[in-house]
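A.B. asks: Single-letter residue listing:
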Amino acid sequence: MDPFATLGAPRRFDLDLSALEKTHRELSRALHPDKFAQAGASERRAALEKAANVNEAWRALRDPIRRAEALFQAEGLAVGETHEPKASPAFLMAVMEEREALSEARAARDLAKVKTLGAGIASRAKTAESRLTAGFAGGSPSKDELATLLPLLGELRFYRRFLDEVEAIEEEAEEAALARANEVSS
Amino acid sequence: MSQVPSSGLLEIFDPKAPPKAIGIDLGTTNSLVAYVKNERPTTVKDCDQAALLPSVVHYGDAGEVVVGRNAQLRAAEHPRETIVSVKRFMGRGGDDPETRRLGPYAFVAPEAGTANVVRFAVGRKVVTPVEVSAEILRSLRRLAEDELRSVGGAVITVPAYFDDAQRQATKDAGRLAGLEVLRLLNEPTAAALAYGLEKKQNGKFAVYDLGGGTFDITILVLDDGVFQVRSTGGDSALGGDDMDRALAEEIFRLTGRDAGGATPGEVRVVLDLARRIKHGLTDAMVVDFESPFGAGGSRGADGGASLSITRARFDELVEPLLARTGAACRRALKDAGMKADELDGVILVGGSTRVPAVRSWVAKTFGNEPLGDIDPEEVVALGAAIQANLLAGEGTADDVLLLDVIPLSLGIEVGGGIVDRILPRNTTTPAAARAAYTTQEDKQTGFEIHVVQGERELAADCRSLARFTLKGIPPMAAGMARLEVTFRVDADGLLSVHAREERTGVEQTVSVKPSYGLDDDTVEQMLLDAIDHGEEDLAARKLAEVRVEASRVAASTKKSLAADPDLLEPGEASRIEAAIADLEKAIGGADARRIELKIEDLDAATKTFAGRRMNRAIAQAIEGQALDTVERSVEHAKGIEAAHAESGPLPPAPPSG
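If you read the sequences in order, they're chains A and B.
For what it's worth, the working numbering labels the leading residue of the first sequence as -10, then goes sequentially.
For what it's worth, the working numbering labels the leading residue of the second sequence as 8, then goes sequentially.
Do not rely on the hints blindly, as some may be mistaken.
[Claimed, not checked] Across the chosen pairs, the derived CB separations fall in these ranges: (1) B/528 / A/116: 57 to 63 Å; (2) A/79 / B/376: 55 to 61 Å; (3) A/116 / B/448: 40 to 46 Å; (4) B/376 / A/62: 46 to 52 Å.
Honestly, the hints are just simulated from the structure, not real lab data.
All C-beta atoms in this analysis are idealised placements derived from N, C-alpha and C, irrespective of residue type, glycine included.
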C-alpha cells in the first residue's frame, strides 16, 4: 500500500500535515463503518477495509520515519534494518559517545545535562529531516541520490531511540518530584 | 400510572412500528438503558421512577434469578450467591490471582479442556461473568421493552481501557441477553457525544471517568461533528469500590475489629455501610453512624456505638486512589501531545465523580473547573442512545462521527519472548497492519503465533490473547519461509488475526477469543439453555431477526442502485435486482436458513459494485479537500481511485460474530 496515493498526498517529505489531517477526517466521514451500519454486508466489508487502509496511511505519513520509509519504498528500495546499508563507522563512533554521555548523566541524575544532550540530538534529527526534504523535493531522486539519502533512515531511527530515552529519564524525574511533593503535602 | 393513550394502543398493534435502538451503560455498580425520544436522549425508568439498576444479580435456592435492588437486599444474607460488581471479572482468567481479591465468592476452578474464565458457584449452579452480565442486560432489555414495545439493536458501552478479552466478553453477554449488539462504544466517547451534540462545542476535551470499578481518561478533539480520540488510558481495576473498601477498612479500625477475621456477610454489611457514608459525605462534612457490630465493638457516648467519619478523613483515604489516576492522566496528555492548559474542558463521568475530593482534584490537576451539568451517572447511557439512534439510521445529525482508538498495544511474541508491536496503543480504529516474519529453524513446518496486548517489552508481562499454530508448511531452510501476519481491529475494538505463508499460500484466520473467552459454541449452548428454562422461543426470535436484517439489506441495496446507477456494468443491475427479488420472496416464507442464504447470494452479487461505490466515495472526499489546497490537483484525486482499487490484497475478514 502506498500511503501517499491512499491519501492523495504528493510524494515528498515535507507534507502539510494539517491539510492531510483534514483529508483523513473527510475520508473517515465517507468510509467509517458506522456510516454503513444499515448497508448490506458487501458494502460494510468494503468500507471497513478502506477505512482501515486510510487510517493506516495516515498513521504512516504523520510519522517522519515511516513517511521516509514509504518514500524509499515508492522508489523501489527495500527498507528495514536488515535491508539498509550498514551505518558508517564514524557515525557509529559518534553515536556511542553520545550514548555513554547519556547514561553517565542519568546515573549522576544530571537532568540539565540530559536535556542538553537531547537538544543536540534533536537538532541533528532536524538536519537529517531537512536533507530528506531537499532530496525528495523535485520528484524521484536519481539512483545515486537515493543511495546517499538511504543512510538517513538509520540515523533517524537512532535519534528517535535516543530522544525516547531522554524523555523517559525526564518523566522518571518528574514522577519522582511529584511523589516527593505529595509526601510533603500529606 | 395506567393512562394508556389511544395512540399508544395503536402503536402496540402497529406491525410497522419500527423497533427502537437502545443504548446501554453496563456499569460496575449500576446499569441503565436509554433511547432517543423526540430527538432527545432519555433514560428508561423502572416502576419506582429509578433509572439506575444496581448491577447485582442474586441466584436463589429455587433457581430464581433476581436482578437489581431486590438482589442488593439479599447480598448481606447470601454473599456467595449474590454477585456484585461482576464487570470486574469480565474477560479475566479463572486462574488470575487478582480475581480472588475481588469478592467473597465461591470460585470454581476451570476444568481441563474448558474455557479459562472465572466461574462462580451460586447454590447448585455454576455461572460465568458473561452469564451474570447477561442477566443484567436482560433486565434492562425488558425494562426498555415495557416502554418501547419493540427493541431493535443495542449499543453497549465499555471502559475505553477494556482489553480485547473484556470487550469480547461484553459482546457475548449482549448476545446471550438476546440483544443485537450494534456496537461496543467506549464510555468516555459516549459521554463526549452526549455533551458535544447538546452544546455544540468544538475544542479539546478530557473525559475523566471514575466509575464503580474502572477508571478511564480520554483526550479527544471535537471538530465539526467528528469526535477524534487522541489518546486514552486508565486502570480497569480502580473505582468507587476502592473508596468503599478504604472506608470499610477505616470502619473496621474504628470498631476495633479485624477485617481479616470477618465473615463474608459482615464484610458485605460493612461495605454497604461504607458506601452510604461515602454518599453522605458528598453533601455533609461529617457522617455519624452506628457500629454495624452492635455496642460491643466501640466506645460510644452512652456506651452505645456512635461513630463518625469526617470529610477531611475521607479525603485522606481517597488521596492515594486519586494519585493513581494522576499518573494515567499525565500519560494520556503526553500521548495526545497536549498540555493540561490547552484543554477547553474536562467532562466528568461516573458516580464516583460526585465525591467532592475528586472534583477538586480534577480542577487542580487540569486547572479547569470540570463540566458536570449532565448527570455523570446518566451521561454515558445518553451518549450510547444517541449513537444507537445514529447507527439505526434515524439520527438527524448525519455528519457526526466517532473515531476511537485501541487502548493497549497489540503484538505478537517473537524470538526471546520479546513483543513485536503491530498496532501501537492509540491507533485509530478500524485498523489493519501487517508484519512479516521468517522461520528460525531448518525444516520448520509450523509457526506458533502468540498474540498479546499490553505495553511491556516481554510477552510474559503482557495480556495473552490467543495462541494458534499455522501448520502445513513444507520443510524449508531457516529464513526461507515468509510468514505474513495481519492484525485487524474493527470499530468495536475487537481484534482478528490472519496468518499466511507467502510461498505456499497456507493461511489461517482467527477471531481472537480462545485464551480468556467463551467460544461461539459455548455461547450458543448457553442461549439454548436459557430457552430450555421456558423463556423465549428461539426459532421465532431467530426468524424475526433474520427478516429484519434481510429487509434492511434489500432496502439499502436498492438505495445504492438508485444512488450510483452509472457505476453498474452491463447486466449487473438485472443480476442484483434478481437477487433482491429472490430475497424478498424468501422473507415472505418462514425458513430462516433460506433467508440467510439469499442474503449471502445478494452479498455476492453486489461485491464488486460495493467496491466501486467505496472508491467513488474516496475520490469525492479527496476532491472536496483538494478544492481548498492549491497544490492538490485533480490528478491526485484521480490517482486515488487507482490506488484504492489495487491496494487491497488484505486477506478476507473473518465471519463476523
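A.B. asks: Take the hints in turn and mark each one as holding or not.
C.D. replies: Results for each hint:
Residue 528 of chain B and residue 116 of chain A have their C-beta atoms about 60 Å apart, which keeps the hinted 57 to 63 Å range intact. For the hinted restraint 55 to 61 Å between residue 79 of chain A and residue 376 of chain B, the CB-CB distance of approximately 56 Å keeps it satisfied. Here the CB-CB span from residue 116 of chain A to residue 448 of chain B is close to 43 Å, well matched to the stated 40 to 46 Å. As the Cβ distance of residue 376 of chain B to residue 62 of chain A is approximately 49 Å, the hint placing it in 46 to 52 Å holds.
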